[in-house]
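**Q** Read off the chains here:
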Amino acid sequence: MNAIVSTVLKRLGLGVITLFVVSLIISLAIELLPGDFCKTQLGQAATPETVAACQRDIGLDRGPVERYVEWLGGIVQGDFGYSLAGAGSLGGSRRSVAELIGPRLLNTLFLAAVAACVAVPLALVLGLLAALYRNSLFDRIVNLVTLTSISAPEFFVAYILMLFLAVKFKVFYALANVSDDTPFLESLARIALPTLTLVLVIVAHMMRMTRAAIINLLSSPYIEMARLKGIAPRRIIVHHALPNAWAPIANVIALNLAYLVVGVVVVEVVFTYPGIGKLMVDAVAFRNMPVVNGCALIFAGTYILMNLIADIVAIVTNPRLLHPR
Amino acid sequence: MTAEAHDTPTAAAALAEHQPIIVRRRLLERAWRELRRAPLSAWFGIIVILIYMFAAIFAPVIAPYSETDTLGGPYEPWSDVYLLGTDQLGHDMLSRLIYGARNTIGIAVLTTVLSFVLGGMLGLAAAVLGGWVDQILGRAVDVLMAIPVLIFALVLLSILGPGILNMILVLAVLDSTRVFRLTRAVAMSVVVLDFVEAAKLQGEKLGWIMTREVLPNILPPLVAEFGLRFCFVFLTISALSFLGLGIQPPTADWGSMVRDNATLINYGDITPLLPAGAIALLTVAVNFVVDWFLHKTSGLRE
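For the protein sequence lines, the chains are A and B, in the order given. Sequential numbering of the first sequence, starting at 56, is according to the working numbering. Sequential numbering of the second sequence, starting at 70, is according to the working numbering.
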């Protein structure tokens with residue numbers, strides 16, 4: 056038990072260090088900005104005061120070390136700085152990044168959670184079936200379909216769904232514009248298409264990985280031994296294979312949830328869903344650095360966390376990894 | 070005996086003269102034999118890739134109009150004059166689709182090659198040198214890989230500003246981390262072999278060991294990886310262009326074509342799906358070929 060705790064703690068520490076370095080990279084990258092960035096960004100409306108305010112917001116008026124320490128200190132307290140949008144006018148119309156991100160992060164998490172709830176069970180069942188009946192017609196068809204849907208860009212899948220399910224046959228909403236006061240059931244209906252898109256993409260990945268993990272397991276000697284002893288196939292799967300399959304399966308789930316984090320960006324833009332992905336893309340187009348950095352840090356943090364969970368689950372459920380040589 | 074001794078040099082000379090030809094013919098024959106036994110999916114993939122290459126190379130010959138000329142009104146429907154209609158600025162859709170093959174694929178190939186040169190070189194160096202070089206490169210790559218490529222690319226592009234050159238450089242560097250990982254892993258099992266040791270003792274330079282001793286032995290997995298990385302880079306470039314941060318107008322590009330014409334979807338028009346479908350079809354084709362190639366070179370992979 057002690058070994059588990061120390062290994063998990065070690066991984067956690069490693070994750071925190073990674074996140075720390077990531078924040079360092081994001082902060083240092085600002086050094087690459089051209090010196091007159093604020094002036095060109097604000098354009099005609101720029102007065103010396105607004106330019107100074109903008110430089111203060113990005114931290115261009117300080118040295119890299121000082122800026123980083125201040126930025127990190129703010130983030131630890133939940134303060135991501137101020138958005139540059141509206142920085143041209145000095146009247147306090149500007150909003151803090153945390154205020155911008157907050158509700159949108161919730162929206163994104165909502166979308167991702169709904170997608171995950173549908174995708175995970177579906178992918179596991181399909182993967183298990185494909186592994187059990189491998190090289191059958193079913194397996195080949197599923198293999199072909201998933202390979203195709205992995206290869207297609209997300210926006211292709213999204214627009215096809217939109218064309219057929221929202222325009223030709225008006226089954227779902229074409230745009231997922233929800234707001235805070237949209238009732239729960241209606242927002243579920245509104246995000247049906249983005250959810251479906253994400254599910255299609257994720258299921259393909261997850262199913263292929265599940266299939267590979269199970270096949271890998273079924274080819275191990277102890278399963279063959281059980282088979283040779285004449286144990287029924289169902290019993291082999293449930294009692295012999297499944298206990299050892301949890302680790303790879305959990306790993307697959309966590310990795311794909313991490314993938315979901317990225318997939319969400321494009322899907323949100325297609326369906327104009329007010330999530331953090333769309334916020335980030337809009338901010339990048341306007342080179343709104345404080346917002347971009349805040350979003351990037353949250354995305355990176357989620358991604359690192361998911362990979363960390365995958366790692367930890369793999370360690371905890373696998374005795375061989377628990378006692379590394 | 071004497072006759073034989075007399076004969077040998079000329080025979081050897083003749084053999085040496087013919088050998089390259091024989092070897093080459095054998096290689097072609099073997100490739101053809103493999104191809105004939107290739108599954109239908111691989112054939113499909115190869116044919117699709119060839120068609121795309123043809124379109125990319127001969128774009129100015131095939132395309133009915135130029136990629137940037139404004140010809141008609143915006144969003145004209147399919148007709149005899151404009152086979153696939155016109156886009157939001159009145160450019161001929163079909164012509165832009167054909168030129169898009171050239172631009173989008175060209176940029177993706179360039180980025181992948183850059184990423185392989187960078188990642189492959191560093192990976193080989195890390196494997197051959199080992200020690201602190203390996204440690205430092207390994208940790209740096211670990212950190213870079215902790216951020217999703219698309220998110221990292223968005224951050225860097227917002228700082229450097231959107232544009233083709235910036236996108237190529239950013240993606241090449243980010244993607245090279247994946248190449249580094251693979252190259253280092255497969256090279257590790259080769260550098261411990263005796264002939265590499267011998268070359269080191271012989272005093273061969275690092276460059277020689279990397280390219281002449283190790284590289285030929287790890288080529289098959291790298292070739293397969295090239296296909297997969299190309300797909301990934303191609304999809305990422307399309308995504309960035311779709312988000313408006315990659316290839317900029319007026320250059321024809323499939324990702325931004327989808328974005329610019331997306332409104333047509335609301336009227337039940339499938340035209341905006343064509344460039345997206347073109348992207349999907351190529352990635353599927355490359356994946357099919359890579360699948361078959363992996364199957365061939367690594368025996369059964371499951």
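Wrong hints could be hidden among the right ones.
[Stated by the list, open to error] On the chain A side, residues computed to face chain B include the following (Cβ under 10 Å):
1. Leu74
2. Ile85
3. Asp134
4. Val197
5. Leu199
6. Ala207
7. Glu209
8. Ala221
9. Tyr277
Everything labelled a hint here was simulated from the structure, so no lab data went into it. Heads up, the beta-carbon is just placed ideally off N, CA and C, and yes, glycines get one too.
**Q** For each hint, tell me whether it holds in the structure or not.
**A** Verification of the supplied hints:
Annotation: leucine 74/A was flagged as interfacial toward chain B, and the flag holds, the nearest CB pair being 8 Å apart, inside 10 Å. This hint holds: isoleucine 85/A has a C-beta 7 Å from the nearest C-beta of chain B, less than the 10 Å allowed. This hint is violated: aspartate 134/A has a C-beta 19 Å from the nearest C-beta of chain B, more than the 10 Å allowed. Among the interface hints, the one on valine 197/A is violated; its C-beta lies about 14 Å from the nearest C-beta in chain B, farther than the 10 Å criterion.
For leucine 199/A, the interface hint holds, since its Cβ comes within 10 Å of a Cβ in chain B; the closest pair sits about 8 Å apart. Among the interface hints, the one on alanine 207/A holds; its C-beta lies about 4 Å from the nearest C-beta in chain B, closer than the 10 Å criterion. Below 10 Å, beta-carbon pairs count as interface contacts, and glutamate 209/A has one with chain B at about 7 Å; its hint therefore holds. Here the hint on alanine 221/A is kept, as its CB sits about 9 Å from the closest CB of chain B, short of 10 Å.
At about 18 Å, the closest approach between the beta carbon of tyrosine 277/A and any beta carbon in chain B exceeds 10 Å, and the interface hint on this residue is violated.
In this structure, the hints that do not hold are numbers 3, 4 and 9, in rising order.
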